[in-house]
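From just these sequences and the hints, can you work out the full model?
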Amino acid sequence: MRTMIEVKDFSRPIVLVSRCLEFEDVRYNGQVIHSRIIRDLEPMVDFIKVCPEVEIGLGVPREPIRIVKVEGGHRLVQPKTGRDVTREMNDFTDKFVAQLGEVDGFIFKSGSPTIGIRNIKVYSGTSMSPVVERGSGFFARKILDRYAGYPMEEDDRLRNYRIRHHFLTQLYTFADLRRVRRSGSYEELMNFNKKNRFLFSFYDGDVYSKMCKLLEQAGSSEYERTFLAYDALLKELMQKPGDVRSRIAVAKNMLSRFESSMSSAEKEFFENLLANYSDVRIDEDALTEVLRLCVLHYDGENIDGHTILYPYPETLRMPCDEKRDKDYWT
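When you line the sequence shown up against this note's numbering, it's residues 563 to 892, in that order.
Derived from the structure by calculation, the hints contain no laboratory data. Glycine included, C-beta positions come from ideal geometry on N, C-alpha and C. Be careful, since some hints might not be right.
[Stated by the list, open to error] Restraint ranges, calculated between C-beta atoms of paired labels, are given here:
hint, residue 1, residue 2, range
1, Thr648, Lys802, 32 to 40 Å
2, Ala837, Glu625, 42 to 50 Å
3, Gly634, Glu833, 55 to 63 Å
4, Glu833, Asn864, 19 to 27 Å
5, His596, Ile844, 43 to 51 Å
6, Asp883, Ala794, 34 to 42 Å
7, Arg741, Pro605, 13 to 21 Å
8, Arg879, Arg843, 18 to 26 Å
9, Pro605, Arg854, 21 to 29 Å
10, Leu790, Ser825, 41 to 49 Å
11, Gly687, Lys802, 30 to 38 Å
12, Phe572, Tyr723, 16 to 24 Å
13, Val842, Arg721, 39 to 47 Å
14, Phe572, Lys885, 49 to 57 Å
[Stated by the list, open to error] Below, computed lysine to aspartate or glutamate pairings styled on EDC-like, alpha-carbon distance capped at 16 Å:
hint, residue 1, residue 2
15, Lys814, Glu846
16, Lys611, Glu664
17, Lys611, Glu584
18, Lys757, Asp866
19, Lys631, Glu695
20, Lys814, Glu778
21, Lys797, Glu650
22, Lys756, Asp738
23, Lys775, Asp793
24, Lys657, Glu617
25, Lys757, Asp571
26, Lys657, Asp707
27, Lys683, Glu695
As structure tokens, then:
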């Protein structure tokens with residue numbers, strides 16, 4: 563039986579990232595932003611780095627820019643100099659997106675008027691003006707349009723355990739699907755759908771049923787058309803993870819496959835485990851670890867078929883208690 567480290571060979575994701583996150587001192591104030599998720603990912607992914615403001619020649623350091631609402635439209639301006647860089651930013655972004663090759667996900671700088679994804683301030687004027695609305699940065703909004711449904715997050719939000727877990731699960735799933743597309747194999751697509759059955763059922767059972775039906779009705783000669791339809795359904799499915807009830811339902815489904823081999827004491831243990839999870843007495847990681855042990859015990863040779871238990875490399879798991887070894891009694 564393989565060890566946990568050998569459980570799965572993960573496809574290597576390609577991630578577009580803000581250059582100011584850990585890489586270069588290109589922020590408007592000449593600083594770099596430290597980001598744990600970037601440090602953790604760097605050995606595991608291929609990064610494509612970009613700073614739209616530097617790319618259009620604003621330099622480092624530079625006067626800040628902001629989005630201003632003018633006659634119903636948005637302009638990107640530098641209040642102190644009065645410079646309007648809307649055209650330059652749009653031209654650069656259009657060219658960049660057109661030339662961007664394969665990519666599986668995006669990590670951008672929160673709060674940026676160019677590369678921030680959400681809650682970006684839009685002002686009524688260039689100075690001493692109120693915020694009149696909020697949206698996405700100039701560069702980011704075109705990425706959002708072109709790559710709708712892809713894993714996409716900001717550095718600040720990725721400090722949250724649940725958001726990080728969801729993002730990494732998406733990212734490695736999309737990277738693996740890219741591998742499947744390159745293979746051009748209908749059989750590989752079928753295998754991909756099968757090994758992710760519990761993960762996809764957890765995210766959205768109804769959409770997963772559509773994915774299964776699509777593959778059942780399609781033939782290997784229609785691979786490209788089938789793949790595109792499948793890809794669209796996957797993007798719909800993975801927008802938001804399932805809830806507690808969905809997690810419990812999937813756990814029960816997994817355990818039902820070994821029920822005939824389980825003792826009554828084991829069955830009772832798992833019922834209590836799920837009740838404690840439902841009542842928030844144990845967390846998702848605790849449930850996952852017990853399910854991993856169960857699968858290793860009863861179905862260890864098919865562990866690769868349980869991606870819900872191993873959605874991304876173990877080294878990317880977020881520390882659960884960084885103060886665990888602190889001595890509170892001295």
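Quick rundown of the hints versus the structure:
In this structure the supplied range 32 to 40 Å holds for Thr648 paired with Lys802, their Cβ-Cβ distance being about 33 Å. For Ala837 and Glu625, the Cβ-Cβ distance of about 58 Å falls outside the hinted range of 42 to 50 Å, so the restraint is violated. Look at Gly634 against Glu833: about 59 Å separates their beta carbons, and that is inside 55 to 63 Å. Taking the beta carbon of each, Glu833 and Asn864 are about 24 Å apart, inside 19 to 27 Å as hinted.
In this structure the supplied range 43 to 51 Å is violated for His596 paired with Ile844, their Cβ-Cβ distance being about 32 Å. Evaluation of the 34 to 42 Å hint for Asp883 and Ala794 yields a pass: the beta carbon distance comes to about 40 Å. Checked against the hint of 13 to 21 Å, the C-beta distance between Arg741 and Pro605 comes to roughly 19 Å, which is consistent with it. Taking the beta carbon of each, Arg879 and Arg843 are about 21 Å apart, inside 18 to 26 Å as hinted.
A hinted range of 21 to 29 Å for the beta carbons of Pro605 and Arg854 is consistent with their spacing of about 24 Å. Between Leu790 and Ser825 the CB atoms are about 48 Å apart, so this pair conforms to the stated range of 41 to 49 Å. Between Gly687 and Lys802 the Cβ separation comes to about 37 Å, which falls inside the hinted range of 30 to 38 Å. Taken as a hint, the range 16 to 24 Å holds for the pair Phe572 and Tyr723, whose Cβ atoms sit roughly 20 Å apart.
In this structure the hint that Val842 and Arg721 lie 39 to 47 Å apart at CB is violated, the actual value being about 21 Å. Between Phe572 and Lys885 the beta carbons are some 30 Å apart, a value that contradicts the proposed interval 49 to 57 Å. Between Lys814 and Glu846 the alpha-carbon distance is near 14 Å, which keeps this suggested pair within the 16 Å criterion. For the proposed pair Lys611 and Glu664, the alpha carbon gap of about 14 Å is at most 16 Å, so the pair holds.
As the CA atoms of Lys611 and Glu584 are separated by approximately 11 Å, the hinted pair is consistent with the 16 Å bound. Our distance criterion of 16 Å between C-alpha atoms is met by Lys757 and Asp866, whose separation comes to about 7 Å. Taken as a hint, the Lys631 and Glu695 pair is honoured in the structure, with Cα atoms around 9 Å apart against an allowance of 16 Å. At roughly 25 Å between alpha-carbon atoms, Lys814 and Glu778 are farther apart than 16 Å, so this suggested pair is violated.
Among the hinted pairs, Lys797 with Glu650 is inconsistent with the structure: their alpha-carbon atoms are about 31 Å apart, more than 16 Å. A hinted pair counts as satisfied when its Cα atoms are at most 16 Å apart, and Lys756 with Asp738 qualifies at roughly 13 Å. With a CA separation close to 14 Å, the supplied pair Lys775 and Asp793 stays within the 16 Å bound. Proximity of Lys657 to Glu617 is assessed by CA-CA distance (about 12 Å); at most 16 Å being required, the pair is judged to hold.
At most 16 Å may separate the alpha-carbon atoms for a hinted pair to count; Lys757 and Asp571 meet this at roughly 13 Å. A hinted pair counts as satisfied when its Cα atoms are at most 16 Å apart, and Lys657 with Asp707 qualifies at roughly 15 Å. Proximity of Lys683 to Glu695 is assessed by CA-CA distance (about 6 Å); at most 16 Å being required, the pair is judged to hold.
The structure does not agree with the numbered hints 2, 5, 13, 14, 20, 21 stated previously, though it agrees with the rest.
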